[in-house]
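Numbering follows the numbering used here, with no gaps: position 97 of the sequence shown is 112.
Quick caveat, the hints were computed from the structure, so don't treat them as lab data. Each hint should be verified, as a subset may be incorrect.
What the hints assert, rightly or not - Derived DSS-like pairs (lysine-lysine); straight-line CA-CA distance at most 30 Å: (1) Lys132 x Lys64; (2) Lys17 x Lys64; (3) Lys181 x Lys132.
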Amino acid sequence: GKLTVTAGLGGMGGAQPLAVTMNDGVCIAAEVDEDRIERRIETGYCMEKADDLNDALDRAEAAVEAGDPYSVAVHMNAADFLEGLLARGVVPDVVTDQTSAHDALEGYYPSGYTVEKADELREEDPETYREESLATMERHVDAILGLQEAGAIAFEYGNNIRGQVKEAFDRDDAFELVWIR
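Sequences are here, hints too, so could you generate the full structure?
The structure is reproduced here in structure tokens:
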């Protein structure tokens, strides 16, 4: 009956929606790569895909109210997703993250780009790509911290997003996130 929000449905992150529903919870997962969303739905790791954030929130709210385990993916950047929750005053029970933030150039996708356009930018101008990824990571961490301050239990699994933000922006507060092992 609890709402968990997360991002990243590749590799290890793909199991998050299934783990939440196996524990009778409701999960909204943001993912920038639509192919990953489709793969998780096809394999039964995620139940459905929403058209947009409002649709995902409506579906998740209905499942929470009904007490039904449920998972839905929404095709959007993680920072945009979490900022959207804050802007709407939605405070999940749990917020976590499994984006590929260990490498600002090869793993993380900056906001404002499709996967294809981001891949082109990575090839053509890797320094700009890295700068935009780090700027998006900072927004991402700020949104998690904002949700935590509003009452959500917040943690990440060691994907290094906090380390990236601390190093790039000298932000010790990035480590104010709860660390769950």
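Okay, the hints, checked on the actual structure:
Between Lys132 and Lys64 the alpha-carbon distance is near 22 Å, which keeps this suggested pair within the 30 Å criterion. Between the alpha carbons of Lys17 and Lys64 the distance comes to roughly 19 Å, so the proposed pair stays at or under 30 Å and holds. A C-alpha spacing of about 27 Å is found between Lys181 and Lys132, which places the hinted pair at or below 30 Å, so the restraint holds.
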